[in-house]
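Chains as they are written, first to last, in this note's numbering: chain X, 1 to 217; chain A, 1 to 278.
A few of these clues could be false.
[To be verified] Each computed DSSO-like pair below joins lysine-lysine, with the alpha-carbon atoms no more than 30 Å apart:
{"hint": "1", "chain 1": "X", "residue 1": "K102", "chain 2": "A", "residue 2": "K274"}
{"hint": "2", "chain 1": "A", "residue 1": "K105", "chain 2": "X", "residue 2": "K102"}
{"hint": "3", "chain 1": "X", "residue 1": "K108", "chain 2": "A", "residue 2": "K223"}
{"hint": "4", "chain 1": "A", "residue 1": "K105", "chain 2": "X", "residue 2": "K99"}
If you are wondering where the hints come from, they were derived from the structure by calculation, not from laboratory data.
Each chain is listed here by its residues.
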Amino acid sequence: MEFLVRSIFLSAFLTVAGVGASVGGKTAPDGKTEIACDLPSFLQTKNVGGSDGAGLCVFTSIGHAARYQNVAVLEDFRDWMRKYPGGGWPEKVDAMISKIAKERGVPKPEYIQVQGGRETLEIIRTALDTGRMVSVTYSKSPTGRYGGARIAHMVNIVHLDQKYAAVLDNNYITPADKSFEWMSIDQFLQTYMGGRAGWAVILLDAGPPPFPYTKGA
Amino acid sequence: MKIFAIAAIVIVAAQVDAQILRSRRSPPTNCRNGVCGVPLAELPSATPANDDGVRPNPSPADRRDDSTDLSPSGNGPEIVHQEKGEDETAVKNFGVDWNKIEPHKISLNGRNITCEHAIERIQSQVPNDSGKLRLVVIGSKDEREPVRRAWDDAPQELRDRVSPWFVSGDHWSLRDTITGELRFVIDGNPTIHLLGPDGESVGRMNRFTSTDDVEAIRRAVKKYDAAKDADLRLPDPHKKEDKATPATGGDNRFGLYLILALGIVIVWSIAERKGSST
Numbered sequence: 001m002e003f004l005v006r007s008i009f010l011s012a013f014l015t016v017a018g019v020g021a022s023v024g025g026k027t028a029p030d031g032k033t034e035i036a037c038d039l040p041s042f043l044q045t046k047n048v049g050g051s052d053g054a055g056l057c058v059f060t061s062i063g064h065a066a067r068y069q070n071v072a073v074l075e076d077f078r079d080w081m082r083k084y085p086g087g088g089w090p091e092k093v094d095a096m097i098s099k100i101a102k103e104r105g106v107p108k109p110e111y112i113q114v115q116g117g118r119e120t121l122e123i124i125r126t127a128l129d130t131g132r133m134v135s136v137t138y139s140k141s142p143t144g145r146y147g148g149a150r151i152a153h154m155v156n157i158v159h160l161d162q163k164y165a166a167v168l169d170n171n172y173i174t175p176a177d178k179s180f181e182w183m184s185i186d187q188f189l190q191t192y193m194g195g196r197a198g199w200a201v202i203l204l205d206a207g208p209p210p211f212p213y214t215k216g217a
Numbered sequence: 001m002k003i004f005a006i007a008a009i010v011i012v013a014a015q016v017d018a019q020i021l022r023s024r025r026s027p028p029t030n031c032r033n034g035v036c037g038v039p040l041a042e043l044p045s046a047t048p049a050n051d052d053g054v055r056p057n058p059s060p061a062d063r064r065d066d067s068t069d070l071s072p073s074g075n076g077p078e079i080v081h082q083e084k085g086e087d088e089t090a091v092k093n094f095g096v097d098w099n100k101i102e103p104h105k106i107s108l109n110g111r112n113i114t115c116e117h118a119i120e121r122i123q124s125q126v127p128n129d130s131g132k133l134r135l136v137v138i139g140s141k142d143e144r145e146p147v148r149r150a151w152d153d154a155p156q157e158l159r160d161r162v163s164p165w166f167v168s169g170d171h172w173s174l175r176d177t178i179t180g181e182l183r184f185v186i187d188g189n190p191t192i193h194l195l196g197p198d199g200e201s202v203g204r205m206n207r208f209t210s211t212d213d214v215e216a217i218r219r220a221v222k223k224y225d226a227a228k229d230a231d232l233r234l235p236d237p238h239k240k241e242d243k244a245t246p247a248t249g250g251d252n253r254f255g256l257y258l259i260l261a262l263g264i265v266i267v268w269s270i271a272e273r274k275g276s277s278t
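The task is simple: from the sequences and hints, build the whole structure.
Put into structure tokens, the structure is as follows:
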């Protein structure tokens with residue numbers, strides 16, 4: 001009995017003491033860290049269905065990154081995709097990016113796609129560090145969204161440092177103070193990889209410039 | 001023993017409370033496809049146009065039609081694709097075909113990269129702009145286009161050092177996303193800012209007359225001392241709050257956890273002593 005009580009006590013403590021995932025605004029649970037890619041809420045769009053009703057989370061996420069990085073041809077990627085069946089995978093993204101660029105008579109934007117495990121985290125980090133918003137797979141909410149169930153989904157990762165990751169979920173486009181799901185790096189890897197392999201799409205155009213200031217002013 | 005019992009009751013009660021909170025987020029059984037379980041209060045049906053203080057811009061986002069919204073709060077269409085997960089429970093699919101994602105595959109613009117150094121190569125394909133100057137061209141499309149054309153014809157050496165950004169005067173990136181305050185001068189035709197990597201102003205032009213102006217930019221870039229470039233990945237040196245915060249400052253909850261841990265150790269050792277004495 002005593003062992004049981006101690007076990008409960010310890011497990012509860014470890015649960016409380018761990019870096020808990022949480023839903024919040026642009027600042028991490030530590031109250032200091034701010035998201036790296038701050039896409040205004042009026043430019044965030046919800047996931048919708050394609051012509052067959054299947055979801056367009058992949059193209060919604062890429063559209064977010066396009067708006068953040070000023071890649072005009074892909075800014076309305078989600079809406080353009082609504083006349084096609086939903087669902088997304090790497091080869092389909094290749095085909096659709098080529099198709100939309102050709103249809104609009106503009107050069108195909110530069111992008112990379114990464115599929116793999118933990119080793120791909122540094123590529124995602126490099127992209128975020130250099131001002132790019134990344135679209136990533138997402139399999140389970142660490143904060144209990146979706147009833148804690150396993151899902152097949154793509155979201156945007158808007159922050160990744162040594163302690164925190166933050167995602168913008170296109171199924172939860174909400175007021176600014178509840179827009180982002182903050183989590184530990186391990187929790188991010190878990191949801192990104194989904195027990196198999198993760199998939200990330202990175203547009204190579206640069207993100208927005210910093211605000212100007214005058215030295216010494 | 002009594003202490004443990006009381007503590008256990010408190011913890012179990014807290015966990016039950018947390019479970020109740022979680023279950024409130026779970027899809028009710030009468031929901032179509034089980035995708036409408038999140039309280040509407042948490043998920044407004046449309047993105048607020050101005051809740052972060054930014055002046056709303058007409059954009060593709062504002063023209064959207066969410067009639068077939070797939071979000072958990074929406075009355076979306078049937079979710080067509082369902083797959084079986086490893087735990088044999090149905091996986092809700094919001095648009096990713098996970099079966100077509102390969103464990104190790106990297107591509108650049110659709111072309112597979114199959115060499116042994118794929119990771120290194122792909123990392124090199126993510127341009128590191130953190131040390132580049134920024135050329136910000138603000139104006140109408142007609143005002144921006146001559147600059148864009150001249151920039152495309154500029155020497156590669158210059159373009160390698162500068163990352164351009166062409167936007168209209170009402171673009172969101174020119175304003176503070178919290179206060180809505182305009183942070184760039186935009187009164188030129190067009191306005192051309194040349195900024196250091198951290199935003200330090202190198203120079204500005206209020207019009208663009210010819211490709212000779214690109215030469216002026218080239219001279220300014222050449223003159224710029226790259227050795228003083230800041231690394232954008234480091235904390236913003238111009239933020240007052242960052243300066244005020246000690247570098248060793250940790251998570252706000254750390255102290256609480258420390259007290260909890262010490263309390264547990266003390267209670268545990270008292271219990272051990274009592275146990276050994278009996």
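Outcome of the hint check:
no. : hint              : result
1   : K102(X) - K274(A) : 79 Å, violated
2   : K105(A) - K102(X) : 26 Å, holds
3   : K108(X) - K223(A) : 34 Å, violated
4   : K105(A) - K99(X)  : 22 Å, holds
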